[in-house]
Amino acid sequence: MAETSIEWTDATWNPVAGCAIMSAGCTNCYAMRMAARLEAMGVEKYRGLTRKSGGRPKWTGALFLDETALQMPMTWSRPRNVFVNSMSDLFHPDVPANFIRKVWAVMAQTPRHTYQILTKRPDRMAAILRDGFEVLSNVWLGASVEDGRVIHRLDELREVPAAIRFVSFEPLIGSVATGKLDGIHWAIVGGESGPHARPMNPAWIDEIFDLCTDADTAFFFKQWGGYNKKKTGRSYRGRTWDNMPSVAA
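Its first residue numbered 1, the sequence shown is counted upward by one per residue in this note's numbering.
Because the hints were derived from the structure by calculation, they are not lab data.
One or more hints might be untrue.
Claimed, not checked - Straight-line distance between alpha carbons at most 30 Å, and here's what the computed DSSO-like set of lysine-lysine pairs gives:
#	residue 1	residue 2
1	58	102
2	102	45
3	52	230
4	180	52
To be verified - The following label-pair restraints were derived from C-beta to C-beta distances:
#	residue 1	residue 2	range
5	42	112	32 to 38 Å
6	239	177	18 to 24 Å
7	75	175	42 to 48 Å
Note that beta-carbon positions come from the ideal geometry of N, C-alpha and C, so glycine has one too.
Based on the provided sequences and hints, a complete structural model is requested.
The following block contains the structure:
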């Protein structure tokens, strides 16, 4: 487990490491930078997962399935919100369904924790989970949607059997006004951060806020982002928004 500063969770758990660039939201992925840093520190789990391109680390597409990490949640006695695979995507096409079943079994055996799984591949998530997977009340399933070009992920997410469905509009790099949040219980909104951060238009946030209001979706504003995200802060419309979904939703 790694404690984390991510505002909407408490800890991260990475039974898989490594990923592949899929859409524009991946361009400045923090996990690529972190994986390269961990490899430079000699952490074997991250060896060969990134390469330098244009002076910046990029995913190679290689994955590491970490069997030794699977049992970690069993050792955590205090209940936590756990972001699963902050350094990967559990539903990457090269993660076998039988490995996903192993992750599912651990989550089923640790109902004291709430697991948050985010993917850019909700179509694969839906297809796999409809094949004999139990809907677990402590597992929240979400998709990343960075702009209107990938708005179809919302429709695919609605096909996922889940107690809680959520969407991460981060990094928000374009309007998603054509989307609908019916059947989605929670929306996280955040601007891109880091040295190459792309700007976020406040009007795009207003659009999402209205979509949340219309669909009765919990609204969580994570950050404005930018080069110095601490300086730009988390205040939207004069306050912070840390709304969470109702487990009974």
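(request) Against the earlier hints, flag every one the structure doesn't satisfy and list their numbers going up. (result) 4
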